[in-house]
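Chain order of the listed sequences is V and X.
Residue 201 is where the first sequence starts when you use our numbering, and the numbers rise one by one after that.
Residue 201 is where the second sequence starts when you use our numbering, and the numbers rise one by one after that.
Be careful, since some hints might not be right.
A pair counts as met if it fits within one copy or between any two copies, since identical chains are not told apart.
In silico PhoX-like cross-links for lysine-lysine, where the CA-CA straight-line distance does not exceed 25 Å [unchecked claim]: (1) 440 to 337; (2) 442 to 202; (3) 337 to 377; (4) 337 to 442.
Don't read these hints as lab results, they were simulated from the structure.
Remember, predicted model here, so these are calculated numbers, not experimental data.
2 protein chains.
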Amino acid sequence: MKIGVFDSGMGGLTVLGALLRQLPAADYIYLGDTARLPYGSKSQATIARYAVSSARFLVEEGAEFLVIACNTASALALDAIREAVRVPVLGVIETGANAAQVSSLTGDVLVIATDATVQSHAYERACAEHGLRALEKACPLLVPLVEEGWIEHPVTLEVLRIYLAELLEQAERPGLKPDTLVLGCTHYPLLRTQIERAVPDLRVIDSAEVTASQVSAALIEYVHDGTRERRFYATDSVEKFKRLGTRFLGEAIDCVGLVNLGG
Amino acid sequence: MKIGVFDSGMGGLTVLGALLRQLPAADYIYLGDTARLPYGSKSQATIARYAVSSARFLVEEGAEFLVIACNTASALALDAIREAVRVPVLGVIETGANAAQVSSLTGDVLVIATDATVQSHAYERACAEHGLRALEKACPLLVPLVEEGWIEHPVTLEVLRIYLAELLEQAERPGLKPDTLVLGCTHYPLLRTQIERAVPDLRVIDSAEVTASQVSAALIEYVHDGTRERRFYATDSVEKFKRLGTRFLGEAIDCVGLVNLGG
């Protein structure tokens with residue numbers, strides 16, 4: 201079983217890292233569309249075009265199951281990807297909503313994500329299908345702060361404090377009683393400790409971990425120990441991918457192929 | 201005379217705004233490559249590919265003179281653009297270095313810019329050609345802070361303080377006596393007041409203003425009052441371009457064409 205993992209950049213490596221721990225016997229092929237990132241500030245039409253060409257590449261390279269590790273692409277392009285390829289496709293929003301349902305006792309959950317993900321209200325819809333009320337907030341500064349490496353930095357703690365205070369204040373008005381916070385962007389797990397400290401009353405859901413668990417549960421019977429292939433592709437600088445990707449994957453990345461998807 | 205102005209996004213509208221004030225009789229056509237922005241974190245090969253296709257579009261639309269209002273594209277793709285099109289091409293780095301030479305009495309200047317611009321050392325080279333020593337620093341959080349609209353925000357003032365203190369500390373080691381700071385990214389003029397307050401001993405050079413002055417000086421004899429055409433194009437959401445572009449241009453943008461450059 202060869203699993204394709206797609207993200208606009210390197211954040212999806214947190215999902216791949218969790219998959220490697222939970223389902224190590226499978227083969228994996230990862231694509232980061234680094235030449236066209238970020239997706240989170242762009243339009244649905246553009247995001248769908250980019251995500252479909254990326255998904256097609258992974259299937260052409262032999263992927264038999266696709267994990268869309270990018271929240272923005274899951275929110276805005278999942279239907280387009282499913283129409284374009286003939287293999288099963290799983291997005292992180294569905295898995296995040298599943299996990300929120302397990303976590304939440306009150307039925308009220310909070311979601312932090314990119315601009316595009318929030319504007320799509322994909323989490324709100326996915327949560328509603330699980331009987332949950334969701335309040336979403338865009339936190340556009342968190343990705344650049346993580347990419348600057350300011351994980352423990354006072355500025356990052358202050359930005360987190362501001363965003364989360366605004367979200368909790370918004371939750372008070374409709375009388376929500378949230379007990380769960382979903383990290384709706386693959387960069388945010390790197391700030392998990394800081395986020396948990398800022399909102400100690402909320403259970404924090406890392407969609408990377410829960411996606412890996414759900415993929416693992418669904419596929420474990422199809423996976424037999426084989427070559428344990430791990431292939432990495434990026435659409436921009438492979439050097440940068442190796443250097444920064446290690447931070448997200450949690451282990452060294454030796455070899456990355458450069459692929460041109462046009463544009 | 202129809203002048204094409206190119207930027208990876210909307211920041212170049214600060215250059216167009218200055219041109220409209222200084223050379224209002226010309227025709228203008230502006231392209232923001234918003235589907236593929238930002239350029240500042242990407243590789244030279246990718247930036248050159250994107251910038252060349254953008255420049256070709258402007259020339260096909262009738263531009264007789266190109267202003268590369270994007271510092272990153274000026275730093276990494278100016279030669280590639282000049283090879284690809286047959287009209288004169290002016291980049292903001294050359295004009296910024298010209299202005300720094302006029303401003304600096306000590307011959308030592310500081311430059312703040314994106315990652316890609318700094319790593320290219322294009323400002324260092326352009327300044328050296330004018331007999332100046334330049335020290336460059338990447339400030340990757342400033343663009344997202346401007347785009348979040350946190351212009352007067354305490355977090356932005358703190359980030360500016362940190363970046364500028366690091367830059368001044370680096371300048372002390374080689375014994376530089378800087379008296380001039382070049383804003384090497386078209387987003388930074390929106391923070392000009394805050395930057396001037398943070399470094400009151402430095403003269404701040406806004407490459408948008410100085411580029412407009414130099415274009416105006418070079419072209420004024422070719423410009424005759426005509427239709428005063430102003431056309432805007434973007435490669436992603438025209439609604440977002442209209443909404444956010446106004447902040448950079450300083451006046452309303454009514455009509456934006458959507459263009460697909462591939463990718």
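#### Entry: Violations among the numbered hints, reported as their numbers in ascending order
none
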